[in-house]
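Undergrad: Residues per chain, in single letters:
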Amino acid sequence: MANLQLNNIRKSFGAVEVIKGVSLEVESGEFMVFVGPSGCGKSTLLRLVAGLEDITSGELTFDGQVVNALTPSKRGIAMVFQSYALYPHMTVYENMAFGMTLEKGHSKEEIRQRVERAADMLQIRQYLDRLPKQLSGGQRQRVAIGRAITRDPRVFLFDEPLSNLDAALRVATRIEIAKLHESMHNTTMIYVTHDQVEAMTLADRICVLRDGIVEQVGTPMELYERPDSMFVAGFIGSPKMNFMSGKLAETFNAPTVGVRGEHMVVKPSDGVWTGTVIHSENLGSDSYIYVDIGADEPVVVREEGGKKHQSGEKVNLAPLEGRVHRFDNAGKPIR
Amino acid sequence: MTTDTMTPAIPVTRGSARSELMKQRVLAARWFLVPMLIALGVVAGWPLLRSIWFSFTDASLNNLYGAEFIGIGNYLRWTTLESGRTIYRGLLVDSAWWNAVWNTVRFAAISVGLETVFGMIVALVLNAEFRGRGFVRAAILIPWAIPTIVSARMWGWMLNDQFGIINDMMLRLGLISQKIAWTASADTAMTAVIVVDVWKTTPFMALLVLAGLQMIPRDIYEAADIDGVSKWKQFWRITLPLVRPALMVAIIFRILDAMRIFDLIYVLTPNSSSTKTMSVLARENLFDFDNFAYGSAQSTLLFLIIAGMTVLYIWLGRVNFEGGER
Ligand SMILES: Nc1ncnc2c1ncn2[C@@H]1O[C@H](COP(=O)(O)OP(=O)(O)OP(=O)(O)O)[C@@H](O)[C@H]1O
Ligand SMILES: [Mg+2]
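Here the protein sequences come in this chain order: A and B. Counting along the first sequence from 1, when you hit position 51 you're at 51 in full-length UniProt numbering, and nothing is skipped either side. Counting along the second sequence from 1, when you hit position 49 you're at 49 in full-length UniProt numbering, and nothing is skipped either side.
Derived from the structure by calculation, the hints contain no laboratory data. Just so it is clear, CB atoms sit at the ideal spot from N, CA and C, and this is done for glycine as well. Treat the hints with care, since some could be wrong.
Unchecked claim - Now the stretches of chain A that chain B is said to cover, found in silico as 3 or more residues with beta-carbon under 8 Å:
# : segment
1 : 69–78
2 : 105–111
What the hints assert, rightly or not - Now the in silico label distances, taken between C-beta atoms and shown as ranges:
#  : chain 1 : residue 1 : chain 2 : residue 2 : range
3  : B       : 121       : A       : 129       : 31 to 37 Å
4  : B       : 141       : A       : 71        : 35 to 41 Å
5  : B       : 139       : A       : 101       : 37 to 43 Å
6  : A       : 331       : B       : 130       : 31 to 37 Å
7  : A       : 13        : B       : 117       : 31 to 37 Å
8  : B       : 37        : A       : 12        : 32 to 38 Å
9  : A       : 12        : B       : 308       : 58 to 64 Å
10 : B       : 315       : A       : 37        : 52 to 58 Å
11 : A       : 296       : B       : 133       : 56 to 62 Å
12 : B       : 117       : A       : 71        : 25 to 31 Å
13 : A       : 71        : B       : 37        : 55 to 61 Å
14 : B       : 304       : A       : 129       : 54 to 60 Å
Said to hold, decoys possible - Below, in silico cross-link-like pairs of lysine-lysine (PhoX-like), each with a Cα-Cα straight-line distance of 20 Å or less:
#  : chain 1 : residue 1 : chain 2 : residue 2
15 : B       : 233       : A       : 74
16 : A       : 74        : B       : 231
17 : B       : 23        : A       : 104
18 : A       : 74        : A       : 104
19 : B       : 231       : A       : 104
20 : A       : 267       : A       : 332
21 : A       : 307       : A       : 267
Using the sequences and the accompanying hints, generate a full structural model.
TA: Structure follows, in structure tokens:
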């Protein structure tokens, strides 16, 4: 349970500044997700919070206490790595108990109880005697999460914990993490991902990073419905938001407009835009139609149900009422 | 080794298909081994067998082919005097030989022990990130790259009692009050040999350990930092267990090498009974004293001792030469 405050945090590697002044508050018990494109500094920011890297300037506080100079274990954090980072020569039990056995003041019995409770939470009890190499990727990641739980941390950090797992396992483990957050509602969690589905489904609040600075912080729905910039609008949501500019945006009285694929409808006549279908994808429950309306990129329309349009077909498109995002030349929203 | 992956639970039909493949693999493996086995047989097996044979004969340097079989006389023979006293002779009761065995074992134990510790330290330093690491890694190999004869001569001069730089420096620093004949004096000869050997082979040890260290993923040290494990404990509980297989192989190589030590001692401290090792003694008998058969017996015993130690070491240390852990 900790309230985190990041005050103008900066980090440079040699001459290169990677984190360029991040200020952010993470509330006690909150699930905060950092998202952003590759190389924007998500992992670096997380490692600064963890204490694995030194903060170049700025102040990091946990519950009002400045922790800049504290070692990771003194900060009371636990971290789950993308690569699991399990100790290869120790059994699952030893992996989970290792930190505690070296700490003073824990009896054998207490350690065993804590390890077993964490193992039960993640259903890895039957693997406690195995070595990491005898486990599958998903099981390893659960052990890594279990090791973090055993530490009983104030702050739980995840760095892309699911990215080495296959699609089905990713969904299963994602749900597991969501359940974990519910059962540990006192523990603050920070989760790094570049997968916006993970961000949307897990987060209480999302922090979108771009090039070492915070673009926007807000709940998933805030980011989805009221993005503060074209960058956030394009980054959050799947399929990606369609942007139309210049002549194509004239009707809306803005330099650029954005409409999400699910807010675009195909009309028999008098749409705002007309174009030719160049490709369509059938996803079963719904289908994506790619329409060339003369913009730089084809417009993606999401329709319910199976494939209804053929390539080469002429279609009229219009946005749903109130679902048009208008942007000025600087990429900021006009509201 | 490969068979234990084939569990008996495999159905018969699949099992036979599998064993067909296995047969092919084993056959191919055998063919690949043939050239090496032939080469080993010619350069190692044959001379070894010859030495063993000569050790049971009365061979001398001038009369190798006329040698006659005399049984175990070179190893042990006894005569009973009229007084009823039995006198034992031969290698097994030769005090010069056992002195050499003791010298060799002492030398091997101390120098390999020191090399392991120093090699580990050097490897840990080289494994850290710092500027010019590549250069330092190459530079550290220099002592290993210099031929032993050359480095032994070099150290011989440095340790010389009259003109040696080491005496000179230690005198100036006030560490000694008079010049010491490091290599000639019986008290210091072994120390001198060990110092030179450690200087020479620590780089080899360091590189082997370094290779092992680099196999350890870095992220588990970060996990350990988060677990609050001190650097000191990280070394004992993470680094050492994970580098152990590589370390064991390195140590075994070094022990085998040290047990056969010859050139360094032959050049640095010739004829000093306090450093004379099994190889040096065997060579003396073979070529200087014209005791060819006796020297052969010593060589044979040397071989048996080394072979025995290797087996013991592998068994005790459970060294796995197949890679991976146990
Ligand atoms: N130890 C380091 N030394 C120098 N530069 C680094 C170091 N670590 C990260 N960087 C740089 O900092 C930037 C941000 O890296 P970071 O790993 O935080 O990105 P990320 O947002 O986590 O990306 P990804 O989604 O690909 O994991 C990158 O440009 C990277 O090259
Ligand atoms: Mg990253």
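Undergrad: Look at each hint and say if it fits the structure.
TA: To see whether the hints hold, each was checked on the structure:
1. 69–78: holds (count 6)
2. 105–111: Coverage by chain B is violated for the segment 105–111 of chain A (0 residues, Cβ < 8 Å).
3. B/121 <-> A/129: 31 to 37 Å: Roughly 35 Å apart at Cβ, these two residues keep to the hinted range, so it holds.
4. B/141 <-> A/71: 35 to 41 Å: holds (36 Å)
5. B/139 <-> A/101: 37 to 43 Å: holds (41 Å)
6. A/331 <-> B/130: 31 to 37 Å: Between residue 331 of chain A and residue 130 of chain B, where Cβ atoms are some 44 Å apart, the hint is violated.
7. A/13 <-> B/117: 31 to 37 Å: Since residue 13 of chain A and residue 117 of chain B have Cβ atoms about 35 Å apart, the given range 31 to 37 Å holds.
8. B/37 <-> A/12: 32 to 38 Å: violated (60 Å)
9. A/12 <-> B/308: 58 to 64 Å: holds (60 Å)
10. B/315 <-> A/37: 52 to 58 Å: holds (56 Å)
11. A/296 <-> B/133: 56 to 62 Å: violated (48 Å)
12. B/117 <-> A/71: 25 to 31 Å: holds (29 Å)
13. A/71 <-> B/37: 55 to 61 Å: holds (56 Å)
14. B/304 <-> A/129: 54 to 60 Å: Between residue 304 of chain B and residue 129 of chain A, where Cβ atoms are some 42 Å apart, the hint is violated.
15. B/233 <-> A/74: Holds. Residue 233 of chain B to residue 74 of chain A sits at ~17 Å (cutoff 20 Å).
16. A/74 <-> B/231: Status holds; Cα separation ~15 Å.
17. B/23 <-> A/104: violated (56 Å)
18. A/74 <-> A/104: The given pair, whose Cα atoms are some 14 Å apart, holds under the 20 Å limit.
19. B/231 <-> A/104: The given pair, whose Cα atoms are some 16 Å apart, holds under the 20 Å limit.
20. A/267 <-> A/332: Violated. Residue 267 of chain A to residue 332 of chain A sits at ~30 Å, over the 20 Å cutoff.
21. A/307 <-> A/267: With a Cα-Cα distance of about 16 Å, the restraint between residue 307 of chain A and residue 267 of chain A holds, given a limit of 20 Å.
Comparing the model with each earlier hint shows violations of hints 2, 6, 8, 11, 14, 17, 20; every other hint is respected.
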